[in-house]
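Take a look at the letters that make up each chain.
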Amino acid sequence: GAGVSQSPSNKVTEKGKDVELRCDPISGHTALYWYRQSLGQGLEFLIYFQGNSAPDKSGLPSDRFSAERTGGSVSTLTIQRTQQEDSAVYLCASSTGLAMIYNEQFFGPGTRLTVL
Amino acid sequence: AQKVTQAQTEISVVEKEDVTLDCVYETRDTTYYLFWYKQPPSGELVFLIRRNSFDEQNEISGRYSWNFQKSTSSFNFTITASQVVDSAVYFCALSEAGFSGGYNKLIFGAGTRLAVHP
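First to last, the protein sequences are chains F and E.
No gaps in the numbering here: position 50 of the first sequence is 1128 in this note's numbering, and each next residue is one more.
No gaps in the numbering here: position 70 of the second sequence is 80 in this note's numbering, and each next residue is one more.
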């Protein structure tokens, strides 16, 4: 079946503009994660969704960042009033979200965001 | 708090040399998982291995081997007889066991960039 897909693959925007990044998880996966890979910062966790539970937003770097997951499937990461330090590759991952066992995360190809 | 440290930022070797990538982790959990991922120049994350905290057996897969030592909180990765195709950024990661609701947030190290020259 299809893997995790993300769109757009590349996004160039001007400082101060809002951007939306989309993640389409593997069908049937209830858990969805967003990570960010900044130059020199490695990969950092941003937010986690699991079914109808309240998301874990503990990794979001500021209140300019928000994410939604509609219908338990597609997720959108929104960055408002983008800053140059938001330039990074944004990776999405999904997993089955089953309790009591380890759930492998499958990563998408990422969206490269460049803020000019 | 959970933390993963990859002290080597960049390593450069000549083809056929052996190379070891270091990974040291911190966690208060008694049950956890450790991972290595490869990120080639194309950018996708490629899963290499997962080990749980109860299994300290070393593992070998072809030219790759992993040494897990709980006593030193290390999970080192060795590539034997390196090849140019091994050139990539390698990430070590840690996750809690996720027995509660299937939650397995990954904590990544900063990555080690390996360059293998012909």
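Hints may be right or wrong, so weigh each one.
The calculated DSSO-like cross-link candidates involving lysine-lysine, where the alpha carbons are at most 27 Å apart (straight line), are [said to hold, decoys possible]: (1) F:1089 / F:1135; (2) F:1095 / F:1135; (3) E:115 / F:1135; (4) F:1089 / E:115.
Note that these hints are calculated values from the structure, not bench results.
Bear in mind that the values here come from a model prediction, so they are computed numbers and not experimental data.
A quick look at each hint next to the structure:
1. F:1089 / F:1135: Holds, at about 23 Å.
2. F:1095 / F:1135: 22 Å, holds
3. E:115 / F:1135: 12 Å, holds
4. F:1089 / E:115: Distance of about 26 Å is within 27 Å: holds.
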